[in-house]
Amino acid sequence: MSTQDRVTINKLPTGVPGLDEILGGGLPEFSFNIIAGAPGSGKTTLAHQIVFANATPERPALYFTILGEPAIKMLRYQQQYTFFDQAKLNHAVRFINLSQIVLEKDLNAVLEEIAKEVEKASPGVVVVDSFRTVVRKALSGSNELELQSFIQRLALLLTSWQATTFLVGEYVEGEIRDNPVFTVADGLLWLYQSSDRNSILRKLQIVKLRGQASVPGLHTFRITHAGLQAFSRTLGLAGQQRKIPSTRRLSIGVPELDTMLGGGIPEGDSVLVAGASGTGKSVLATQFIAEGIRQGEPGIVVVFEERPQEYAGRAGSFGLDLETPQREKKLEILYLRPLDLSVDETMREILDAVVRIGAKRLVIDSLAGFEMALAPSFRMEFRESLYRMITALTGIGVTILSTVEMAESFTEFPFSTYSISFLTDDIIRLRYVSIDGQLRKILVVIKMRGGKHSNDIREYEITSAGLVISDGRLTDYQGLITGIPVRLHRSGEKEKPAGEPKPTSKG
Amino acid sequence: MARRLLACEAAAGRNSEPTRSAAFRVCEKLRQPLCSLAGVAGFRSLLSRALALARAEAPSLSAVQVGADGSLQGLDALGPQKDKDMSKEGGAILIAQLLGLLLLFIGVGVTLRLVQDVWPEVAFDDRDSGKEINA
Chain A
1309 MSTQDRVTIN KLPTGVPGLD EILGGGLPEF SFNIIAGAPG SGKTTLAHQI VFANATPERP
1369 ALYFTILGEP AIKMLRYQQQ YTFFDQAKLN HAVRFINLSQ IVLEKDLNAV LEEIAKEVEK
1429 ASPGVVVVDS FRTVVRKALS GSNELELQSF IQRLALLLTS WQATTFLVGE YVEGEIRDNP
1489 VFTVADGLLW LYQSSDRNSI LRKLQIVKLR GQASVPGLHT FRITHAGLQA FSRTLGLAGQ
1549 QRKIPSTRRL SIGVPELDTM LGGGIPEGDS VLVAGASGTG KSVLATQFIA EGIRQGEPGI
1609 VVVFEERPQE YAGRAGSFGL DLETPQREKK LEILYLRPLD LSVDETMREI LDAVVRIGAK
1669 RLVIDSLAGF EMALAPSFRM EFRESLYRMI TALTGIGVTI LSTVEMAESF TEFPFSTYSI
1729 SFLTDDIIRL RYVSIDGQLR KILVVIKMRG GKHSNDIREY EITSAGLVIS DGRLTDYQGL
1789 ITGIPVRLHR SGEKEKPAGE PKPTSKG
Chain B
3 MARRLLACEA AAGRNSEPTR SAAFRVCEKL RQPLCSLAGV AGFRSLLSRA LALARAEAPS
63 LSAVQVGADG SLQGLDALGP QKDKDMSKEG GAILIAQLLG LLLLFIGVGV TLRLVQDVWP
123 EVAFDDRDSG KEINA
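If you're matching them up, the sequences are chains A and B in order. Under this note's numbering, think of the first position of the first sequence as 1309, with each following residue one higher. Under this note's numbering, think of the first position of the second sequence as 3, with each following residue one higher.
Be a bit skeptical, because a hint or two may be false.
As the list claims (entries may be wrong) - Below, in silico cross-link-like pairs of lysine-lysine (BS3-like), each with a Cα-Cα straight-line distance of 25 Å or less:
{"no.": "1", "chain 1": "A", "residue 1": "K1428", "chain 2": "A", "residue 2": "K1396"}
{"no.": "2", "chain 1": "A", "residue 1": "K1413", "chain 2": "A", "residue 2": "K1396"}
{"no.": "3", "chain 1": "B", "residue 1": "K31", "chain 2": "B", "residue 2": "K90"}
{"no.": "4", "chain 1": "A", "residue 1": "K1381", "chain 2": "B", "residue 2": "K31"}
{"no.": "5", "chain 1": "A", "residue 1": "K1396", "chain 2": "A", "residue 2": "K1381"}
{"no.": "6", "chain 1": "A", "residue 1": "K1396", "chain 2": "B", "residue 2": "K90"}
{"no.": "7", "chain 1": "A", "residue 1": "K1668", "chain 2": "A", "residue 2": "K1760"}
{"no.": "8", "chain 1": "A", "residue 1": "K1445", "chain 2": "A", "residue 2": "K1424"}
{"no.": "9", "chain 1": "B", "residue 1": "K31", "chain 2": "A", "residue 2": "K1428"}
{"no.": "10", "chain 1": "A", "residue 1": "K1396", "chain 2": "A", "residue 2": "K1445"}
{"no.": "11", "chain 1": "A", "residue 1": "K1668", "chain 2": "A", "residue 2": "K1637"}
{"no.": "12", "chain 1": "A", "residue 1": "K1424", "chain 2": "B", "residue 2": "K90"}
Claimed, not checked - Restraint-style ranges between C-beta atoms, simulated for each label pair:
{"no.": "13", "chain 1": "A", "residue 1": "D1660", "chain 2": "B", "residue 2": "R5", "range": "14 to 22 Å"}
{"no.": "14", "chain 1": "A", "residue 1": "N1318", "chain 2": "B", "residue 2": "A54", "range": "28 to 36 Å"}
{"no.": "15", "chain 1": "A", "residue 1": "S1468", "chain 2": "B", "residue 2": "P122", "range": "31 to 39 Å"}
{"no.": "16", "chain 1": "A", "residue 1": "E1420", "chain 2": "B", "residue 2": "P122", "range": "36 to 44 Å"}
{"no.": "17", "chain 1": "B", "residue 1": "P122", "chain 2": "A", "residue 2": "E1618", "range": "57 to 65 Å"}
{"no.": "18", "chain 1": "B", "residue 1": "V120", "chain 2": "A", "residue 2": "L1526", "range": "40 to 48 Å"}
{"no.": "19", "chain 1": "A", "residue 1": "D1504", "chain 2": "B", "residue 2": "Q67", "range": "24 to 32 Å"}
{"no.": "20", "chain 1": "A", "residue 1": "L1464", "chain 2": "B", "residue 2": "R6", "range": "45 to 53 Å"}
{"no.": "21", "chain 1": "A", "residue 1": "E1689", "chain 2": "B", "residue 2": "E30", "range": "53 to 61 Å"}
To be verified - Quick look at which bits of chain A chain B covers, simulated, 3 or more residues with Cβ under 8 Å:
{"no.": "22", "region": "1405-1417"}
{"no.": "23", "region": "1764-1772"}
Simulated from the structure, these hints should not be mistaken for lab results. What you are looking at is a predicted structure, and each value in this text was computed from that prediction instead of being measured. Built from N, CA and C at the ideal position, the CB exists for glycine as well.
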């Protein structure tokens, strides 16, 4: 069969930001779906969002309520959400209570009543909430075969009348097997809610969806005053074309370091700057972003440990103006520190900002702060999430510089506590060294995936001009990377103090 | 709002149902959409609560009952024979209490939509509805 002979399945919007992308474009029209989950997982709110997003006076939505949340209370609560459009009530959106019929009569009467209303209104969307109640009632008085027949007839009726249907029910995962409801359904959306220490995590999964490819796996979602907001694991970049790798090098804002990096950071790379507290990681990150602004490359700085004003103020003390580019929409400093943050939400914020200002450079300062801002459960997924985030962003051509704080060790030289060096293209390591009774600083380029780099160990200082690298290598010492170097006694040379570094560049 | 509905139904019922009180007619007209929305049990609960609240202000309503189907029983029996004005006032209080409960639970906007659907010809002012009911 050729592509043009195939039936086209229209996709309805869910009204839930992020969910259409997870579903593979939206809800298949005329499909028969189940929204399942435990109490409080957001099933009814999701159903309402779908209803209000699709209902029109010509193709209204019928919302059958059955012995679940009393309709009056449901209206009371649901109208608090911004998607709830009162103007649609009773015209485009109609609530019909079937409790009495379910209580007093059999499945045939329930089907008859639904059929009567459906034939009268010709709805585009039908919701039965809670369908679990119907099933319970059915199983108490009849056998499973009758229930299966009822579901089959209901699905036939609603599909024939060109309605997209949602049966809302409280189910637990073990019920999927051998349950006729799940067998007949075209789509199964499962909402989860779990607690971990003091955090609440909400996730959803498209367990089943006939006719189109959805994004597999569990996706986090939030419920706010605007209803549900879903965050796809692919961050909406699943079908996005990856940018052709660039050969361009970006200046980091410190000329000597650019030279050490073989001409700068390859565009689209992920750079990790690792070092102990006070070694100048944030200073270097600020120089990187400020240099980008100078070069006409908008940037985003994501901070977790200090507020944007403080961050910009500190940059100002190094002669770097981050206020003007913010006003000119060339720079955004995102402060992401709410409780229970999921990586996907953070990603969404960052991606939105990247799109908003067309960012070419991104600073994440710092990964430790990022991790701490996440709900405990997400911390376990931190590496995987970070991988997705970096891949997604570098894939669209953004150059990322992340900082990571390292506990200074004088017995080893680790690059990152997260074992994430495999996620980064380039690693710059900053560290303290004890030389001649002074605590001084050295840096070294550990890795450059994109080519050759300097192997030199260079001393640097944090001055009023930012991170400044001293002239030449430290050739008189052995074991610099241990932090406790030993001065070499070359023949004919006298031991002498290392001396002060001579600043040669401005950041 | 209650007074407007009662006036509207008093005028409409003068010819078609002269024996029925306006309050009964308002209740009956609200019963259908509210039963559809909240179920018979839901509507019955609301009306019973409204009646209990109204009785505190209008003892003449003590003989009035809410039937199993949510209909009002005994309201017309109070009627003109005893004290026409008291009966009328009791009915108005009952309707005001019922609308007051709807306002309390589902707010002005949704209540107005429901009521406007039943009485499309009656003009209501969104801003004054709450005040009116309690007035």
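Checked hints:
1. A:K1428 with A:K1396: 18 Å, holds
2. A:K1413 with A:K1396: This hinted pair is violated, its Cα atoms lying about 31 Å apart.
3. B:K31 with B:K90: 18 Å, holds
4. A:K1381 with B:K31: 22 Å, holds
5. A:K1396 with A:K1381: 18 Å, holds
6. A:K1396 with B:K90: 35 Å, violated
7. A:K1668 with A:K1760: 23 Å, holds
8. A:K1445 with A:K1424: 21 Å, holds
9. B:K31 with A:K1428: 20 Å, holds
10. A:K1396 with A:K1445: 32 Å, violated
11. A:K1668 with A:K1637: 13 Å, holds
12. A:K1424 with B:K90: Status violated; Cα separation ~39 Å.
13. A:D1660 with B:R5: 14 to 22 Å: 52 Å, violated
14. A:N1318 with B:A54: 28 to 36 Å: Since N1318 of chain A and A54 of chain B have Cβ atoms about 51 Å apart, the given range 28 to 36 Å is violated.
15. A:S1468 with B:P122: 31 to 39 Å: 33 Å, holds
16. A:E1420 with B:P122: 36 to 44 Å: At 30 Å between Cβs, range violated.
17. B:P122 with A:E1618: 57 to 65 Å: The hint (57 to 65 Å, Cβ to Cβ) holds, given that P122 of chain B and E1618 of chain A are roughly 59 Å apart.
18. B:V120 with A:L1526: 40 to 48 Å: Holds, since V120 of chain B and L1526 of chain A (Cβ atoms, about 46 Å apart) stay within the stated range.
19. A:D1504 with B:Q67: 24 to 32 Å: 53 Å, violated
20. A:L1464 with B:R6: 45 to 53 Å: Taking Cβ atoms as reference, L1464 of chain A and R6 of chain B lie about 46 Å apart, which means the hint holds.
21. A:E1689 with B:E30: 53 to 61 Å: About 59 Å separates the Cβ atoms of E1689 of chain A and E30 of chain B, which means 53 to 61 Å holds.
22. 1405-1417: holds (count 4)
23. 1764-1772: Contact hint for the region 1764-1772 of chain A vs chain B: violated, 0 residues under 8 Å.
In the structure shown, a violation is registered for the earlier hints numbered 2, 6, 10, 12, 13, 14, 16, 19, 23, in ascending order.
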